[in-house]
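Starting from the structure of chain A, add chain B where the hints point.
Keeping their order, the protein sequence lines are chains A and B.
The numbering of the first sequence is this note's numbering, which starts it at 11 and goes up by one.
The numbering of the second sequence is this note's numbering, which starts it at 11 and goes up by one.
It cannot be assumed that every hint is accurate.
[Unchecked claim] Partner residues aside, some chain B positions facing chain A, computed with beta carbon under 7 Å:
hint: 1; residue: Leu118
hint: 2; residue: Arg124
hint: 3; residue: Leu127
hint: 4; residue: Ile130
hint: 5; residue: Glu135
hint: 6; residue: Pro144
hint: 7; residue: Gln178
hint: 8; residue: Ser338
hint: 9; residue: Phe339
hint: 10; residue: Arg343
[Said to hold, decoys possible] Below, in silico cross-link-like pairs of lysine-lysine (BS3-like), each with a Cα-Cα straight-line distance of 30 Å or less:
hint: 11; chain 1: A; residue 1: Lys125; chain 2: A; residue 2: Lys360
hint: 12; chain 1: B; residue 1: Lys266; chain 2: B; residue 2: Lys379
hint: 13; chain 1: A; residue 1: Lys379; chain 2: A; residue 2: Lys360
hint: 14; chain 1: A; residue 1: Lys125; chain 2: B; residue 2: Lys379
hint: 15; chain 1: B; residue 1: Lys232; chain 2: A; residue 2: Lys28
hint: 16; chain 1: A; residue 1: Lys232; chain 2: B; residue 2: Lys28
hint: 17; chain 1: A; residue 1: Lys379; chain 2: A; residue 2: Lys266
hint: 18; chain 1: B; residue 1: Lys461; chain 2: B; residue 2: Lys379
hint: 19; chain 1: B; residue 1: Lys40; chain 2: B; residue 2: Lys28
hint: 20; chain 1: A; residue 1: Lys28; chain 2: B; residue 2: Lys28
hint: 21; chain 1: A; residue 1: Lys461; chain 2: A; residue 2: Lys381
hint: 22; chain 1: B; residue 1: Lys125; chain 2: B; residue 2: Lys360
[What the hints assert, rightly or not] Beta-carbon label-pair distances, calculated as ranges:
hint: 23; chain 1: A; residue 1: Leu362; chain 2: B; residue 2: Leu149; range: 27 to 35 Å
hint: 24; chain 1: B; residue 1: Asp48; chain 2: A; residue 2: Thr43; range: 42 to 50 Å
hint: 25; chain 1: A; residue 1: Leu39; chain 2: B; residue 2: Lys28; range: 30 to 38 Å
Worth flagging that the hints you see were computed from the coordinates, not collected in a lab.
As the structure is a prediction and not an experimental result, all values here were calculated from the model.
All residues carry an ideal CB built from backbone N, CA and C; glycine is no exception.
Number of protein chains: 2
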Amino acid sequence: MATIRQRIAGRSLTPGAKLPSVRGLAATLKVSTSTVVDAYERLVAEGAIHSRPGSGFYVASETTPLSLIDVGQRLDRAIDPFWISRQSLDAAHDDLKPGCGWLPSSWLPVDGLRKALRTIARAGEPALADYGSPLGLPLLRQLIARRMADRGIEATPDQVMLTESGTQAIDLICRMLLEPGDTVLVDDPCYFNFQALLRAHRARMVSVPFTPTGPDIELLRKALAEHRPRLYITNSGIHNPTGATLSPVVAHRVLKLADEFGLTIIEDDIFADFEQSPAPRLGAFDGLDRVIHIGSFSKTLSASVRCGFIAARSDWIEGLTDLKIATSFGGGRLAAELVFAVLSDGGYRKHLEALRLRLSAARRDVGAKLKVLGIEPWLEPQAGLFLWCRLPGGLDAADVARAALARNVVLAPGNAFSLAQSASSFLRFNVSQTTDERVFDVLQEALKDAKGQN
Amino acid sequence: MATIRQRIAGRSLTPGAKLPSVRGLAATLKVSTSTVVDAYERLVAEGAIHSRPGSGFYVASETTPLSLIDVGQRLDRAIDPFWISRQSLDAAHDDLKPGCGWLPSSWLPVDGLRKALRTIARAGEPALADYGSPLGLPLLRQLIARRMADRGIEATPDQVMLTESGTQAIDLICRMLLEPGDTVLVDDPCYFNFQALLRAHRARMVSVPFTPTGPDIELLRKALAEHRPRLYITNSGIHNPTGATLSPVVAHRVLKLADEFGLTIIEDDIFADFEQSPAPRLGAFDGLDRVIHIGSFSKTLSASVRCGFIAARSDWIEGLTDLKIATSFGGGRLAAELVFAVLSDGGYRKHLEALRLRLSAARRDVGAKLKVLGIEPWLEPQAGLFLWCRLPGGLDAADVARAALARNVVLAPGNAFSLAQSASSFLRFNVSQTTDERVFDVLQEALKDAKGQN
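For reference, chain A alone in the conformation it holds in the complex (with noise of 0.2 Å):
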């Protein structure tokens, strides 16, 4: 039952689809016919299938709503990316969360935002009452562009659109050129949002094993060659969730095998001010022709004024111009004059460096907390809020996430990352919500625990 549930609610099985026979379901999952008549009885009084006599059992027209949820496979709530999205934006305030993906709100630059708000606050009316333009604000995009090319990328501002989100602008790229059933490639760990995304899109994921250069070029090519995906995902400057960073080899032969596959490459650099040096970009490698760049203000500006942006070519940035009209109307025209306000202001450059000394003291501290618990970093990365570390004696890591929730600290255990689940031993922690002792001593007894079920 549950079988043919999940699959009508992730819309492998239509409306009006024809349900497998009796005794061809029974022999897949090894069960007697009388188990599957029994479920499939039980499913016709649901209204959930019929029975058109002689002919089968086909699934109710009348459709039941998608549900993200059912669309994978049903994941452990302790690695299901849904449910640690919620549950780290559900917390509160003061909860404990190593486990999120950003910046608690007192490391951003607050002074900046309300002095930006006082500042709207006086501005004309259209800024604060009137819609964006399609694209969005201009001095923004001009802006944008320009630091763009301090990261070697060009392109102008026509180039760039703007967003509510760095989320909406992989959304809508991918409504561009995604059909339900496309393979895309995704990074082995990556960011467990992408997945969730790419399930609403009902794509179908593969992922490549990621190195602390990029990804794997061998498996790469392998799995391009295999499942010809139609685009890649993946992270350049700070890799999300190990840290890692894109060298300028392992970036030109993306590239290269880009070229080869046909592959286009969805660069998403939401991360980009946390660097001390900039990586290299495929974006900047590739001039914007393959390669789709994206960024967002929320990790290092605010992430209650929503504001991101796609970099595309400008034939692409047409289309996902209607797109945006068509999904939500205008952009959020007072979100970005604030973030213009708040990045045009000297004191965001300062807020920058000070964030950077920060996060590079609390990954050397955080870090050598964790070694004590014998819990060691994947790698020392060179910037940003996360380190992927690996735990003691193989432990599992849902075991000491489930543990650590009891006593109200939301961690992110590695196979949510891993669309392989190759990950269960790993934990990404984020520095900037680590700080608090009580996390390490909930830490030592999660590990106990979870020691106590091996």
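Relative to chain A, chain B alone:
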């Protein structure tokens, strides 16, 4: 060539699909086979298709990006929904745009917004810098639930989910309920962006004529029986573009038919705050069972601050929340805080009272001036900013709109709102954007030009 290219971009020919045979296509299009061969060869040269010797022509496996413009029939620019939206959004602040769908910023509660911005500038750090919770700011959801109760719609705050806009609200619901190829019912005429949005979902659209008291019930029954649509999207408070108001009898009959045919209804109520006295709501009659109610604050508070909401059955809110997180992560917390600050201030009620009087006077005044030009309203709306008007002498509104645009005045010709293309002699006027005398001068000239073309 254009035919094939359009079918590829609009995805009715998918990557790898076989093209019609040369002879077959020549017969269909009533052209010579050599013309088709010629076109196919040029498409091969462009890389859009390729030939497999002895087998035929195939769409290249690298997908052409989805182009919404090409999904539908390619429309005359003057009545193309995308073009009108972009034209209005792109227009300079002081351009004349009686065709646009929003108030001038000077008619919005700008002083209230300034005050709210100063208040938020003093708020705690989380309001300024943190992500919103999955459902969105609890205080605002409570306030929305109370405001809906005033219109007879009962929903708990947990049945309300905030979105970035009314458009995003509808988009998320479509993502949950629609499959490509599903049929959706709209009004004839209806808000043109519904058509754009539904194209993005590759839904099939069917329309039912709208009467001064709601959809034509007999034709609605017929359309439901014939097309079995999954969804019906409509406005009930104040209908866009007609300004009509749903009657209780029609509301009752629509819901009876919805029950009979298993139809889900999206009730888009973004004009609610313009009403002098509340009209019947489908969501109130139905108790949010088959009806999903959506709203936003773009029309009466600010379009620059993006915030909308969905009120629906609890089990649907669950699925919608996952979809929202997957496709745009959090909602805009700052936007929600600002909307809450403005709504909960006594000034907003006073603003609405003044706004309704001002609009009422503008409807009277603009209506009288249009009558002088022979342009007659289809009905006298009880409230709102629109007058849906018939042109004199069977003139084509697209001709008039083109002639006006040549004089930098953006009009909204009827067929942009009409799937059935039944409104060629109508224009929608936004009375708040029609106060400048120059509009009437340009209209008079444009009518003359259009007459010359007849």
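Status of the hints after comparison with the structure:
For the restraint placing Leu118/B at the interface with chain A, the shortest Cβ-Cβ distance is roughly 4 Å, inside the 7 Å limit, so the hint holds. Satisfaction of the interface hint for Arg124/B is found here, the shortest Cβ-Cβ separation to chain A being roughly 5 Å, below the 7 Å cut-off. For Leu127/B, the shortest C-beta to C-beta distance to chain A is roughly 4 Å, which falls under 7 Å, so the interface hint holds. Of the supplied interface hints, the one on Ile130/B holds, with its beta-carbon coming within about 6 Å of a beta-carbon of chain A, less than 7 Å.
Using the Cβ-Cβ criterion of 7 Å, the hint placing Glu135/B at the interface with chain A is satisfied: the shortest such distance is roughly 4 Å. Interface restraint check: Pro144/B against chain A, minimum CB-CB distance 5 Å, threshold 7 Å, status holds. With its C-beta approaching chain A no nearer than about 5 Å, Gln178/B sits inside the 7 Å limit, and its interface hint holds. A least Cβ separation of about 5 Å between Ser338/B and chain A falls short of the 7 Å threshold, and the interface hint therefore holds.
Of the supplied interface hints, the one on Phe339/B holds, with its beta-carbon coming within about 4 Å of a beta-carbon of chain A, less than 7 Å. Because the beta carbon of Arg343/B sits about 4 Å from the nearest beta carbon in chain A, less than 7 Å, this interface hint is met. A hinted pair counts as satisfied when its Cα atoms are at most 30 Å apart, and Lys125/A with Lys360/A qualifies at roughly 15 Å. Taking the CA atoms of Lys266/B and Lys379/B, the gap is near 42 Å; set against the 30 Å cutoff, the hint is violated.
Our distance criterion of 30 Å between C-alpha atoms is met by Lys379/A and Lys360/A, whose separation comes to about 29 Å. The straight-line distance between the Cα atoms of Lys125/A and Lys379/B is roughly 47 Å, outside the 30 Å bound, and the hint therefore fails. With a C-alpha separation of about 28 Å, the suggested pair Lys232/B and Lys28/A falls inside the 30 Å cut-off, and the hint holds. A C-alpha spacing of about 27 Å is found between Lys232/A and Lys28/B, which places the hinted pair at or below 30 Å, so the restraint holds.
Restraint check for Lys379/A and Lys266/A: not satisfied, since their Cα atoms lie roughly 42 Å apart, outside the 30 Å limit. Between Lys461/B and Lys379/B the CA atoms are separated by roughly 19 Å; this keeps the pair inside 30 Å, and the hint holds. Restraint check for Lys40/B and Lys28/B: satisfied, since their Cα atoms lie roughly 20 Å apart, inside the 30 Å limit. Note on Lys28/A and Lys28/B: the hinted pairing holds, with a Cα-Cα distance of about 27 Å set against a maximum of 30 Å.
Straight-line distance between C-alpha atoms of Lys461/A and Lys381/A comes to about 17 Å, which keeps the hinted pair within the 30 Å bound. Among the hinted pairs, Lys125/B with Lys360/B is consistent with the structure: their alpha-carbon atoms are about 15 Å apart, no more than 30 Å. The hint said 27 to 35 Å for the Cβ distance between Leu362/A and Leu149/B, and at roughly 33 Å that hint holds. Between Asp48/B and Thr43/A the beta carbons are some 59 Å apart, a value that contradicts the proposed interval 42 to 50 Å.
Between Leu39/A and Lys28/B, the C-beta spacing of about 36 Å keeps the proposed range 30 to 38 Å intact.
Comparing the model with each earlier hint shows violations of hints 12, 14, 17, 24; every other hint is respected.
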